[in-house]
Amino acid sequence: MSLASSLPSISSNVPEAARVPTLTLFMGIGAVLLFASVVGWLLRWRLGGDNAVVANLNARINAWWVMVAVIGLALLGGRTGVVVLFGLVSFFALREFLTLTHTRRGDHLALLACFFVFLPLQYWFVWHDWYGMFSIFVPVYAFLLMPFLACLGHDTTHFLARATQTQWGLMICVYAISHVPALLALRIEGFEDRNLLLIVFLILVVQSSDVLQYVWGKLFGRHKIAPNVSPSKTVEGFIGGIASATALGASLWWITPFSPPAAAAMALLITLMGFVGGLVMSAIKRDRGVKDWGQMIEGHGGMLDRLDSVCFSAPVFFHAVRYFYTA
Amino acid sequence: MLDRLAGRFLILLARLLTGAYANWVGCRPEPQQRLYFANHSSHLDFLLLWGLLPPALRYRTRPVAGADYWNATPLRRYLIHRVFRGVLVERNRKDAGDNPLAPLQAALDAGDSLIFFPEGTRSQTDEMLPFKSGLYHLAQANPTLALVPVRMENLNRVMPKGELLPVPLVCILTFGAPVALGEDETKAAFLERARQTILDLRA
Numbered sequence: 001m002s003l004a005s006s007l008p009s010i011s012s013n014v015p016e017a018a019r020v021p022t023l024t025l026f027m028g029i030g031a032v033l034l035f036a037s038v039v040g041w042l043l044r045w046r047l048g049g050d051n052a053v054v055a056n057l058n059a060r061i062n063a064w065w066v067m068v069a070v071i072g073l074a075l076l077g078g079r080t081g082v083v084v085l086f087g088l089v090s091f092f093a094l095r096e097f098l099t100l101t102h103t104r105r106g107d108h109l110a111l112l113a114c115f116f117v118f119l120p121l122q123y124w125f126v127w128h129d130w131y132g133m134f135s136i137f138v139p140v141y142a143f144l145l146m147p148f149l150a151c152l153g154h155d156t157t158h159f160l161a162r163a164t165q166t167q168w169g170l171m172i173c174v175y176a177i178s179h180v181p182a183l184l185a186l187r188i189e190g191f192e193d194r195n196l197l198l199i200v201f202l203i204l205v206v207q208s209s210d211v212l213q214y215v216w217g218k219l220f221g222r223h224k225i226a227p228n229v230s231p232s233k234t235v236e237g238f239i240g241g242i243a244s245a246t247a248l249g250a251s252l253w254w255i256t257p258f259s260p261p262a263a264a265a266m267a268l269l270i271t272l273m274g275f276v277g278g279l280v281m282s283a284i285k286r287d288r289g290v291k292d293w294g295q296m297i298e299g300h301g302g303m304l305d306r307l308d309s310v311c312f313s314a315p316v317f318f319h320a321v322r323y324f325y326t327a
Numbered sequence: 001m002l003d004r005l006a007g008r009f010l011i012l013l014a015r016l017l018t019g020a021y022a023n024w025v026g027c028r029p030e031p032q033q034r035l036y037f038a039n040h041s042s043h044l045d046f047l048l049l050w051g052l053l054p055p056a057l058r059y060r061t062r063p064v065a066g067a068d069y070w071n072a073t074p075l076r077r078y079l080i081h082r083v084f085r086g087v088l089v090e091r092n093r094k095d096a097g098d099n100p101l102a103p104l105q106a107a108l109d110a111g112d113s114l115i116f117f118p119e120g121t122r123s124q125t126d127e128m129l130p131f132k133s134g135l136y137h138l139a140q141a142n143p144t145l146a147l148v149p150v151r152m153e154n155l156n157r158v159m160p161k162g163e164l165l166p167v168p169l170v171c172i173l174t175f176g177a178p179v180a181l182g183e184d185e186t187k188a189a190f191l192e193r194a195r196q197t198i199l200d201l202r203a
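Respectively, the protein sequence lines represent chains A and B. Counting along the first sequence from 1, when you hit position 229 you're at 229 in the UniProt record's numbering, and nothing is skipped either side. Counting along the second sequence from 1, when you hit position 157 you're at 157 in the UniProt record's numbering, and nothing is skipped either side.
You can take every hint at face value.
What follows is a set of in silico ranges between Cβ atoms, one per label pair, in the way DEER data are often shown:
no., chain 1, residue 1, chain 2, residue 2, range
1, B, L12, A, N62, 22 to 32 Å
2, B, L164, A, D193, 41 to 51 Å
3, A, L33, B, W24, 27 to 37 Å
4, A, L33, B, L57, 30 to 40 Å
5, B, L57, A, H223, 45 to 55 Å
6, B, L57, A, A17, 48 to 58 Å
Derived from the structure by calculation, the hints contain no laboratory data. Note that the coordinates shown come from a computational prediction; the quantities given were computed from them, not determined experimentally. Just so it is clear, CB atoms sit at the ideal spot from N, CA and C, and this is done for glycine as well.
In isolation and in its complexed conformation, chain B is listed as follows (with noise of 0.2 Å):
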């Protein structure tokens, strides 16, 4: 209860101070499990892409995030852990052997959605990085899974990395229509196709 209520309260606090609004444009908020895929900026892109999700769907949608960065304080472990219910990733393997992706495939079992940034950090300038595998992988053990195209605009101009305190500019977030894996596509084409279906999404 404490938790939804603080999720609403960052989610009220972000929202008034960049005006965002979410565009469906090649689909609509619908319960269908779902992978929201999006470029990453900032720390406020998780919680804008959540936060603008209706409340129903917002709940069963759960952010991934790098482990390193959200296990490091209290706060930001009973962020990650209580009001966002995040699903966390070791970016930073000790043993190669394991599966970096086997907490999201567990989370999707469980029949949740994620909100998911494909080049696995901030970017640190305002081009979009190379996608990490770790889409093309998922894409191909879920082939049921709708993978959501999601661009995020001015989040990298609202609080760039390393800033503290965020600019109130709008942000805009448009989601297009689902990216399906082809038949015989190779990995590299794959990702790269997905990252240009998010730049080319404009509201």
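Isolated chain A, as found in the complex (with noise of 0.2 Å):
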């Protein structure tokens, strides 16, 4: 098949409906990047190369070049290229989280299982479009069989800690990033088609809220808001970065099945329930004496420091949207 026939099945794999918006935003998202690499050059002109804070900067921004175009590439793929991409998400995040954890050789079966039986298993029922159990399945079966497999160690030593961390990580890393791709599940009168649009505003607002809080503490932060949690959150950096998350998600009102003023306040709750994942998994990082999950992502840190705050939106957004919007 040559190249040129097989692009309209790629691209066939989004829904008519999603196809003109979602190429409008990825536009707009590669204006605004185009923007910050072009205020990264100057600064690093300006500045010089050896500036660590712009060198920082310019790192952070190719890393979003990459992600928005891995992200843009799995939209192409559809139901599974979504499924896949944050599968694999969960995988990478699953291992930093478990990294840091304090396990021993009596958890390897419960370690093997959640990888490599509990992961897949939960996003299979996601691509099945399978509520029922995929709403239930970590909760519920993942948290009884875990213990037991731990059991097979034969190893008490620390035993509930051992198992309310590994649970842990099965509920952040696997339960709450499987409700981004679960948003395609949801049956919405007169948006059907369009549940990628529902990711996308998803994603957007809650990274841009990421991005705004940094950028509005920088500039105008004075006052610490957690210091013994998240030393560089601030007071004026949560209010203008929320503030200004919600008005961005307001004005991303056509792209979802919401009114202007449902899709501010589906915004607020998205950006709140970001800045909660934030300063948890913060929390988590300090306890454990870190400062990054990791070093996947150049200038970011690890997968879980750029998705911290996804991981507490995603499943509240999944359910408010299911709540208020579904039959």
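Reconstruct the complex from the two isolated chains, following the hints.
Shown next, in the form of structure tokens:
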């Protein structure tokens, strides 16, 4: 098959109704990133290549280009592309999370099950649209089976702490993150075939909230909001970031099934949960004595450093939409 | 050719699974004759240490491994001789007069670098075992050889001794500054100091 004839078949994974808005949004994102890259180049030119803050900023912007490209490719793959992408994201996140926990030899079987049984099954249920299963699989079945597998290791030292940490990892990195592709399973009247846009909305709002909180904090941050948990978060960054990301969310109402005020309320919910996620995950890092979850994404740290807010906002957003917008 | 491909494939697999990365803290990856010595807890150890060296260095660096284990099956023999180009040591000597370090010395004399696990075997617990005297004898016989300590983190959790399947956790390899044998340093003092450098290496 020639490239030209294969292109329409790839894009046919994206339903007709979602194509134009998705393309428009990606062009908008591309324009914003281009602007950011130009600012980054100018800063490096003015302040020199050895300025650490500017170097980190440029690394972050470059990583954004890659992340946007990866998400774009996954969307082209339609439902399967999105499920596979977030399955991999869960895998990397879980790997980072469990690396920092104190498991022992006796947990080997339970850990293997997390990566090679529970994670694939959860995404398989999501791919199959099996709401009744994916919404309870981890909190019921995995929750009860995992400590049993740990028992088979015949080691009771710190048993509760070990079992809890592993379950936490599974809840945050697999269960919570799987609610992003699960958005595709929602049946919203008058919004058929456009569920990909819900994912775009969620990710755009939550990530721009992170970036805007960072920018507002760097520009106007004076008062630390939780110095013991996350020293870089400020009251000014919190208010400015949440307010501007909520406004951005409201302005995106046309890609969602929401009215403009409802889009603002959803965006506010997403950004608040995202803030909570950032704070909680930061507390875990501090407890473990590390600054970043890993070093997978240049300039950002690990996968979980970029996703901490998504972990907390995705399930809540999913259930809010499900409650208010599905029959 | 095929042997190198097999090596690359194994390295790729191990790196995809463990997301392992190298931290060159005390030295850089340079084409200098070296003996890398590290803590030992899993079969993945030397695959990752060897695999994280730049290719040009990797093919001049040979892992030291136990002959009893690696000569036991055809697959293991193929891997250790053709893919990793390992140097095998007899751990259970029949004749007390044999020098078990002779094959290592031969490799060093030929200009190769070595990957060496001074504990002699994989640790069953999370603790590092005391070092055997091999490291001391090699240091004594090769005064110009750079002894580079490497701390391998999390390998014991990825694939503990006796387990078949690896759990994907992130592994970090930290390369420290070379350790040299002091002029009047005793064997026990040197081995303890070398062991402590690995314990002290933190990313």
